[in-house]
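**Q** Just so you know, the sequences run in chain order A and B.
Note that the working numbering has the first sequence beginning at 1, numbered continuously upward.
Note that the working numbering has the second sequence beginning at 1, numbered continuously upward.
Simulated from the structure, these hints should not be mistaken for laboratory data.
Please read these numbers as outputs of a predicted model, since none were measured by experiment.
There may be inaccurate statements among the hints.
To be verified - Stretch-level coverage of chain A by chain B, calculated; a stretch enters the list once three of its residues show a Cβ under 8 Å from a Cβ in chain B:
1) 128-136
2) 140-147
Stated by the list, open to error - For each label pair, taking beta carbons as the anchor points, the in silico distance ranges come out as:
3) Glu79(A) with Phe125(B): 42 to 50 Å
4) Asp69(A) with Ile144(B): 38 to 46 Å
5) Pro123(A) with Gly126(B): 30 to 38 Å
6) Ile144(B) with Gly83(A): 41 to 49 Å
7) Leu221(B) with Gly45(A): 36 to 44 Å
8) Gly83(A) with Leu63(B): 32 to 40 Å
9) Gly63(A) with Arg19(B): 31 to 39 Å
10) Arg108(A) with Gly101(B): 46 to 54 Å
11) Ala36(B) with Gly83(A): 51 to 59 Å
Claimed, not checked - Sample of chain A residues facing chain B (criterion: CB under 8 Å; computed from the structure):
12) Pro76
13) Val92
14) Ile96
15) Asp97
16) Asp165
Backbone N, C-alpha and C define an ideal beta-carbon position, used for all residues, glycine too.
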Amino acid sequence: MTRPRPRGPSRKPAGSSRAVGASAIAALTIALAGCGIQIPADPDGSLERITGGELRVGASPSGDLVVVDGDEAEGPLAEVIEGFAAERGATVVWTIDSEEDLVDDLVRGRLDLAIGGMTASTPWTTQVSATRGYPGLPGSKGADVTVLLPLGENALQAALETYLDEEVAR
Amino acid sequence: MGRTDLPPGQQEALRKAVRWEWFTIGYTCVTIALIALVVSGSQAMKTAWIEDMLSLIPQISFLLALLVIRHPPTRKFPYGLHRAMAAGHLVAGVALLIVGGNLAVEAVLGLVRAEHPAIGTVQVFGQTVWLGWFMVGVMALVTIGPFIYGPAKAKLAPVLHNKVLYTDADMAKADWTTTVASIVGVLGIGIGWWWLDSAAALFISVGIVWDGYRNSRSAVLDLIDQRARTYDDQERHPLHGRIIAALDAQPWVEASAVRIRDMGQVFHIEAFVVPRHGKVSLDHLEAARRALAEMDWKMQDVVVVPVAELPDEASRGDRGEAKVQPAPSARPRRGM
Chain A
1 MTRPRPRGPS RKPAGSSRAV GASAIAALTI ALAGCGIQIP ADPDGSLERI
51 TGGELRVGAS PSGDLVVVDG DEAEGPLAEV IEGFAAERGA TVVWTIDSEE
101 DLVDDLVRGR LDLAIGGMTA STPWTTQVSA TRGYPGLPGS KGADVTVLLP
151 LGENALQAAL ETYLDEEVAR
Chain B
1 MGRTDLPPGQ QEALRKAVRW EWFTIGYTCV TIALIALVVS GSQAMKTAWI
51 EDMLSLIPQI SFLLALLVIR HPPTRKFPYG LHRAMAAGHL VAGVALLIVG
101 GNLAVEAVLG LVRAEHPAIG TVQVFGQTVW LGWFMVGVMA LVTIGPFIYG
151 PAKAKLAPVL HNKVLYTDAD MAKADWTTTV ASIVGVLGIG IGWWWLDSAA
201 ALFISVGIVW DGYRNSRSAV LDLIDQRART YDDQERHPLH GRIIAALDAQ
251 PWVEASAVRI RDMGQVFHIE AFVVPRHGKV SLDHLEAARR ALAEMDWKMQ
301 DVVVVPVAEL PDEASRGDRG EAKVQPAPSA RPRRGM
């Protein structure tokens, strides 16, 4: 067996490693800010694509919250999503399907968002991301309603959650 | 024999070590609670969190072992209960190894499956803020602790010749890399480099596995009675040479050799001597035993055995060995 490399005494003193660590983080943060990179960002660029473009939203009917009328979704939650799209200059393209199919579409990148009767305790969070629960949304009747979106599209999620926070506060 | 009391310098060091261990446990519990508030989709963050929980094991096993080893030897446990420290060491090592391996596999799977970590926002005073910023803040705060208690324990470990305390201190010294890695992982998610998170998690878990390997290996080697080494396992313990030199200086001794095993903090010593002309008195043997026992606080449990021929596996020492004094533990009686 190989002898472990000498550690302890031969190491640099703790103070200098802390300085290195701290300055590395500081340098990284400044570099990121300097490049004008938006944090959080989307690995797949969802928010950028949506802005001024199409917002592909899946909907499954859920009581009064999401009401399906032909190929379109209506109801308070659908209206909130329409509002979010309008804020970004986007038009909503609706897909009506079951919850499981909507999740599958999100995973495959065919949808940007999915709404329905999902709450913050949704079991789908291993495959898709869920926003915080919003019990204060119109029509939610106190249930902490959540919107599903693809995993890791964090700029889209941050923008949506910011919009939902404003909607609830209104 | 098998004594359990310590000289004043070691008692003081032990009191300090116990205080630092309790401080570390308290501090770690606070950081675990703090991270629990912000832990979210980041694998690196989760790994660092679990690493924090694991880092409690050495402190807990140190404190538990201390309760056990203070019992004096009995007929049932004729060597005392010092090995409890090594048992605790082994438990800590194996736990690190298993959990670290598990986390490493998870990180690799995350990379292979191209899992995109999701971190949402929180609402603070009416402002919607990305949770990642809080993660970075908490982890930056958490970095500070090990820089306080790590070096403090590293100073005490050689005084007590305690390997659990030493590895605990050594792990604390490496702790800032874990924290910085988790910050890098979260910032990686922030700029859209999803893979940086799993990579950081992998880096952290490899560190845990390495700690586990070192601890388990060192504990197992002591439990299967490898010859005593210094507190950091780097060198053959200098007492080998000093014992041989002391015995060889006796006029009635023709040749001597020694076997030392590390019982955890204290040593068990068998010194073999070939008497000149094949004759030795009981007084000589008893005087030699007492002289060895007084040489260092770590070796109260000494037997001196007259033999016709030295056993091959016992250390003969050498002149160089006698001079090496790398550990402060070699001269414990000067006030610390």
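**Q** Confirm or reject the coverage of the region 128-136 of chain A by chain B under the rule of 3 or more residues with a beta carbon closer than 8 Å to the chain's beta carbons.
**A** holds (count 3)
**Q** Please check whether aspartate 97(A) passes as an interface residue: C-beta within 8 Å of a C-beta belonging to chain B.
**A** 22 Å, violated
**Q** Against chain B, run the beta carbon of isoleucine 96(A) and see if the smallest gap drops under 8 Å.
**A** 25 Å, violated
**Q** Is the distance from the Cβ of proline 123(A) to the Cβ of glycine 126(B) consistent with 30 to 38 Å?
**A** Distance hint for proline 123(A), glycine 126(B) holds at roughly 31 Å.
**Q** Could you see if the CB distance from leucine 221(B) to glycine 45(A) stays within 36 to 44 Å?
**A** About 54 Å separates the Cβ atoms of leucine 221(B) and glycine 45(A), which means 36 to 44 Å is violated.
**Q** Does the hinted range 32 to 40 Å hold for glycine 83(A) and leucine 63(B) at CB?
**A** 58 Å, violated
**Q** Holds or violated: the region 140-147 of chain A covered by chain B, criterion of 3 or more residues with Cβ-Cβ distance under 8 Å?
**A** With 0 residues closer than 8 Å to chain B, the region 140-147 of chain A misses the three-residue bar; violated.
**Q** Could you tell me whether the CB distance from isoleucine 144(B) to glycine 83(A) stays inside 41 to 49 Å?
**A** This hint holds: roughly 44 Å between Cβ atoms.
**Q** Taking 46 to 54 Å as the stated bounds, is the beta-carbon spacing between arginine 108(A) and glycine 101(B) within them?
**A** 33 Å, violated
**Q** How does the Cβ-Cβ distance of aspartate 69(A) and isoleucine 144(B) compare with 38 to 46 Å: does it lie in that range?
**A** At 58 Å between Cβs, range violated.
**Q** Using the Cβ atoms, figure out if alanine 36(B) sits within 51 to 59 Å of glycine 83(A).
**A** Between alanine 36(B) and glycine 83(A), where Cβ atoms are some 34 Å apart, the hint is violated.
**Q** If I claimed the Cβ atoms of glutamate 79(A) and phenylalanine 125(B) lie 42 to 50 Å apart, would that claim hold in this structure?
**A** Roughly 28 Å apart at Cβ, these two residues miss the hinted range, so it is violated.
Checked against the numbered hints above, the structure violates hints 2, 3, 4, 7, 8, 9, 10, 11, 12, 13, 14, 15; every other hint is satisfied.
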